[in-house]
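> Just so you know, the protein sequences line up as chains R and X, in that order. Quick note: the first sequence, position 7, residue 7 per our numbering, numbers continuous. Quick note: the second sequence, position 66, residue 203 per our numbering, numbers continuous.
Treat each hint with caution, since some may be false.
Stated by the list, open to error - Chain R regions said to be covered by chain X (calculated; three or more residues, Cβ under 8 Å): (1) 41–51; (2) 102–110; (3) 113–120.
To be verified - If the Cβ cut is set under 8 Å, some of the chain X residues that face chain R in the computed set are: (4) Arg174; (5) Ala177; (6) Asp178; (7) Gly179; (8) Ser180; (9) Val182; (10) Gly205; (11) Asn206; (12) Ala229; (13) Asn232; (14) Tyr235; (15) Leu237; (16) Glu261.
Don't read these hints as lab results, they were simulated from the structure. Each residue gets a CB set at the ideal place from its N, CA and C atoms; glycine is no exception.
Letter by letter, the chains look like this.
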Amino acid sequence: MLIRTILIAGAFALAVVPAQAQSVDKAPPGGAYKKVSELVKLPDFLPGMGTLYVDPKTLPAGPFLAYDHDGRLASTIYMIPVEDIQGQKTFDNLKAAGGNVDHVDMYYNAGHPGVEKPHYHIVLWHVSKADEARVAK
Amino acid sequence: MLARRTLLRAGGWAAGLALIGLPAAAPAAAVVEIRMRGNADGSKVWFDPIGVLVEPGQTIRWINIDPGNAHTSTAYHPANAGHPLRIPEGAAPWNSDYLLPEQSFELSLTTAGVYDYFCIPHEEAGMAGRLVVGRPQGSLSAATLPEPARRLLPSPEEIVRRKAVRATP
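In isolation and in its complexed conformation, chain R is listed as follows (with noise of 0.2 Å):
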C-alpha cells in the first residue's frame, strides 16, 4: 500500500513539474550546462542578470540561466546580435527550461566577452518585477 501512494505520488508529481524545469531551478543546473565565467572571462556575478549558465552549443543565442546569490533561478536569457535581426534571421525552437514566466524585457547590449557583436537580451523573468533586486548587484 505504501509502495502503492508513493508511485502515484512520485506520478503525479512528474505530471505537473515539467522534467527540465526539476534540473534548473537551482544552481548549477544539470546536462551541458556550463558557468559562463568559467567559459570566457567575465564576473561570476553580473548586476542585473546573476551568474549565467549556458550549453556552449548553443551560444550566441542561448538560452542562459541566470542564477541570484542563493543559487535560485531568476531569469531565462535569449542574446541575439543585431545583425542576424537586420538579417532576418530565424531562431526557431529555442530552448526554455525555467519553467514560469512573470514578465519579459528587451534591451540593447553593447557586447561581452562570448557574444562580442551588439545584440539584445531577451529575458524571460521567473521572477516578479520586485524580486529583480535579487540579481541587482
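Here the structure of chain R is known, so what remains is to put chain X in place on it, guided by the hints.
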C-alpha cells in the same frame, strides 16, 4: 614600450612601500588614468577620457570600473588579429587581454605620434580611444577606422588643445 598588468589601484605601490618603511620614488610625470566604463544595462561602453595627450615615457593606466563587463586596451596594429596599423610605424603594439572589474593595465609609449586603440569585445559598438604622444607627426587617415569609432574619436589637434577629451556615448 613598457607594459604591466596589475590588480592594484592607483597609489597601491606607494602605499605598499610606505607599509614596509621604504620611501616611494616620485614619478617623473603623473600617471594618466583612462577608465573603462559601461552603463548599468551594458548598452553603452566607453573609454573615459576617449582622447588623451601624454608625454613620451609617461605612464598610462587603463582601469576597468565597469562592474558587469570585461574590457581590453588593444592597439590598432596588424599583430592584433590583422587590424589596420593606426599607431606610429616602428612602435610596438600592445594588448592588455581581458581586464575584469578593478583590474588595470599600464603602458608607457616613447615614440611620438598618434595611437588608436580599441576594446576587443566592444569594437563594433564603437569603444575606441586615441592617444597623442608628444606632438602629432602628420595626420591619420580615418579610412581604416570602423564607422562607430570614426564618429567618436576626437582629432589629434583637439586632443593637443584640450589635453583630455571626454565623450559619454
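> Each hint should be assessed against the structure and marked as holding or not.
Hints versus structure:
1. Counting residues of the region 41–51 of chain R whose CB lies closer than 8 Å to any CB of chain X gives 7, so the stated coverage by that chain holds, three being the minimum.
2. Three residues within the 8 Å Cβ limit are the bar, and the region 102–110 of chain R against chain X gives 4, so the coverage statement holds.
3. Note: the region 113–120 of chain R has 4 residues with beta-carbon separation from chain X under 8 Å; the three-residue rule is met and the coverage holds.
4. Given the 8 Å rule on beta carbons, the hint for Arg174(X) is violated: about 11 Å separates it from the nearest Cβ of chain R.
5. The beta carbon of Ala177(X) is positioned within 8 Å of a beta carbon in chain R (closest approach about 6 Å), and the interface hint is therefore held.
6. Nearest Cβ of chain R to the Cβ of Asp178(X): about 5 Å, under the 8 Å cut. The hint holds.
7. For Gly179(X), the shortest C-beta to C-beta distance to chain R is roughly 4 Å, which falls under 8 Å, so the interface hint holds.
8. Annotation: interface hint on Ser180(X) holds; nearest CB of chain R at approximately 5 Å, less than 8 Å.
9. At about 5 Å, the closest approach between the beta carbon of Val182(X) and any beta carbon in chain R falls short of 8 Å, and the interface hint on this residue holds.
10. Taking 8 Å as the C-beta contact cut-off toward chain R, the hint placing Gly205(X) at the interface holds, the least distance being around 5 Å.
11. For Asn206(X), the interface hint holds, since its Cβ comes within 8 Å of a Cβ in chain R; the closest pair sits about 5 Å apart.
12. The criterion of a C-beta within 8 Å of any C-beta in chain R is not met by Ala229(X), whose closest approach is roughly 24 Å, and the hint is violated.
13. For the restraint placing Asn232(X) at the interface with chain R, the shortest Cβ-Cβ distance is roughly 13 Å, beyond the 8 Å limit, so the hint is violated.
14. Here the hint on Tyr235(X) is kept, as its CB sits about 4 Å from the closest CB of chain R, short of 8 Å.
15. A distance limit of 8 Å between C-beta atoms decides the matter here; for Leu237(X) the minimum to chain R is near 6 Å, and the interface restraint holds.
16. Hint status for Glu261(X): holds, given a least beta-carbon distance of 6 Å to chain R, under 8 Å.
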